[in-house]
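From just these sequences and the hints, can you work out the full model?
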Amino acid sequence: MTSKRIYQWFIGTSIVLFFISLTQVDLEYARLTTGFKDFAEMLLKMFPPANLEWDRVLEGVLESWHIAVVGTSIAIVISLFLSLTAASNVSPMKGLSSIVKGFAALMRVIPVFIWALIFVVSLGMGPLAGIMALAVHSLGMLIKVYAESIEEVKPGIIEAMRSTGAGWWSMMMRGVIPSAMTSILSWSLFRLEIDLRYSTILGMVGAGGIGLIMLGTLRMYNLQATLSIILIMFAMIFTVEFIGSRIKARWLNGPTKRTGVTIG
Amino acid sequence: MKPILSVRDLQKVYPDGTKAIKGMSFDIMSDERVAIIGRSGAGKSTLLRCLNQLIPATSGEVTFLDQSVTRASGGAVRRIRRQIGIIFQQFHLVDRVSVIDNVLHGRLGYMNALQGAFGLYSSVDRKRAEALLERVGLGDKANQRADALSGGQQQRVAIARACMQNPKLMLADEPIASLDPVTAITIMDMLTQLTTEQNIPLIVNLHQVDVAKTYATRIIGVRAGEIVYDGTPDDLTEEMLNWIYQGEVTQLHASKPVLNKESHKVVLV
Amino acid sequence: MLQLRWKNMLVITFLVSMVGWSCVASEFKPVMVITSMSDAFAYIWNDFLPPDFVNWQHMLKYLLDTIYMCYIATFISVVISLFISLCASQTTTPVKWLYPIARGIASVLRTIPSTVWVLLLVVSVGIGLTSGVLAMILAGVGWLTRAFAEVFDEMKQGQMEALRATGAGWVHVVSQGILPQSLPAILAWALYAFDNSIRDSTIIGMVGGGGIGFYLQESVKLFQFQEMTAGLVALLALIIGIEFATNMLRRKLL
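Protein chains in written order, with the working numbering: chain H, 1198 to 1461; chain D, 11 to 279; chain F, 1101 to 1354.
These are computed hints drawn from the structure, not numbers from a lab.
Hints should not be assumed to be uniformly reliable.
[What the hints assert, rightly or not] Chain H stretches covered by chain D per the calculated footprint, using a threshold of three residues with CB under 8 Å from any CB of chain D:
| # | region |
| --- | --- |
| 1 | 1301 to 1312 |
| 2 | 1353 to 1366 |
[Unchecked claim] Among chain F residues calculated to face chain H with C-beta under 8 Å, some are:
| # | residue |
| --- | --- |
| 3 | A1125 |
| 4 | A1140 |
| 5 | L1219 |
| 6 | R1299 |
| 7 | T1302 |
| 8 | L1336 |
| 9 | I1340 |
Predicted model, so just to flag it, every value in this text is computed and none were measured.
A virtual CB, placed ideally from N, CA and C, is assigned to each residue, including glycine.
Structure follows, in structure tokens:
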């Protein structure tokens, strides 16, 4: 088959599947038209943004920020240690590497909101659930990328350190981690950026922060206040993205593989 | 006089079945400078790495200062390694760390995990590292990052790092193969002087026969994992060289070094 | 060098005090990592395990809903994004003033999290997958537009000009030149968008947008934790399966 035929076939199948899908789910088309009208009306009612209890909102913003910072920090500390056991070139025991990597994969594949749900159920509503959800989910990713950075350390450096008779801890702290530091730093920063974004919305499942406050205003149908909070969230995420890209452009050659992470 | 290092019937077979070393035996005395010559792939690098168990030997015995290297494990290996300095072709410094810290790495084998991990070197060690840097002519570069140095300078740092270990034996694996001829001479001079001063033997893998003849007191010729020559540089005949290299003699000054006026580097014409 | 050391120290002090402040403000103590982990994992062990598949038919319906939702949403967002992104790239925009407008729309849609869209839609359209699909479309259009626009940006100006030089109009240039050229990249992004929407569907469902996320949230509300675990296992299988499938298709297509 020529490549053109493959594309034609692929697009054709996609369109057919689309119509099949439409028949399979009960989309409420009637609701869709009226709903859109309602939606538009509601959006209009949200203007102008107002009615805010500023001190509570500020508290929420800060809480989101704290959740992200603490969650990411925990993940960084734990991952730094575990990635040393996960990196196949320096792992102190055979087999340990794949066990740790498997554990990381499991932590990573479970969506962060499921973690939030589990921690809200087991620890109660509030920032602690958010912190733990972010920490657990982040360490799944950080162990993987740290280990990859460590595996890229030149084998000669490790050999030279070994030849001085240095012990495992000395080798890791004096040779391996410094060599992988740039890449470890930029991944950590990248992760902090993701976690800051997550922390604004984790509240919507009860895990504290600004999201929880927005849930409250919306439940009370306080639309103008809701819009204000949305604008604040918008500003928060926008700022984080802006600062993040600036830092990366200026100081670090940021992670190249940026796929696989967008946010709900 | 007892030998510092003694190798008996050493063999190394890699997991893929390659026989890198097929039974080598020799003794090294404290006043010897040994050059090991041979083609690439003859087993020179493997041999050197078996001497301090960077690569475990398959069979045979290596004895260093009355301790068995081949049978040592865990802490014993580390105690042996810290007494054997080794210089590599690609220097293998930790690029992102300062020059002085790289020299201090030579002390890690003598420190416990906590001291080593946090780099808590004693002031005696620090003074000594500074002195050694001064000795290799890099006293002013102590606080620069290692990757800011040229190849020759990095190799000098690597020599200082090895000396920092207070070695009883110095190994060098193709120490000048990545350097230009002029720098190569200074590195070889430095290695010779430092080992003579401390009265320790030097074993160096070399590719260039003329360098080997100039600096070594004894030459070991290796061909396909076996020792085919072991004697003085003067007795090394042209036929023997041909046999070792199978007609591929490489010489440092086979071509004439000339100073390139634009780049200020010596090039071979 | 000494200056550099000082700078490092300053940065480190700043970072440590930031983390310290965050810990104090959120009343978090490092020991809580261990206590809350053990609490949570004890909870998981006692209440969430083993998974209970007794309601599997019910679960399967939600799972299938998720796939259909994501497929429909991805399909529609790709189509809409194609149009907007043509305006959002300087190489392809038909009229200059459309460019900033298209960019603006895309970045607003992209920066507002899809959960916010769901919450708003749930209030006006009602709980269920209709809201979920709409929210997914809004969020999807946001980032796909940007991705597509970047694809168009990378196209060589020369080819466009050559086509224009033949006197072809904008529609012809786009349909004959630009789209066929960038098709592989566009399809790759579309596959990735589908992949991503499956992951996204969890949270969208949890805040009222239908699909497997809704099932998980409902099970938790009804204290049917073991059924939730069953749903989670199914969801993970779905995520991994879809990722595998899209990866395979991508390799086939590119």
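We went through each hint and held it up to the structure:
Closer than 8 Å: that is the beta-carbon criterion, and the region 1301 to 1312 of chain H has 0 residues meeting it against chain D, so the requirement of 3 is violated. With 13 residues carrying a beta carbon less than 8 Å from a beta carbon of chain D, the region 1353 to 1366 of chain H meets the three-residue requirement, and the given coverage holds. Checking A1125(F) against chain H by beta carbon gives a least distance of about 5 Å; that is within 8 Å, so the hint holds. Below 8 Å, beta-carbon pairs count as interface contacts, and A1140(F) has one with chain H at about 4 Å; its hint therefore holds.
Annotation: interface hint on L1219(F) holds; nearest CB of chain H at approximately 6 Å, less than 8 Å. Hint status for R1299(F): holds, given a least beta-carbon distance of 6 Å to chain H, under 8 Å. At about 5 Å, the closest approach between the beta carbon of T1302(F) and any beta carbon in chain H falls short of 8 Å, and the interface hint on this residue holds. Taking 8 Å as the C-beta contact cut-off toward chain H, the hint placing L1336(F) at the interface holds, the least distance being around 6 Å.
Below 8 Å, beta-carbon pairs count as interface contacts, and I1340(F) has one with chain H at about 7 Å; its hint therefore holds.
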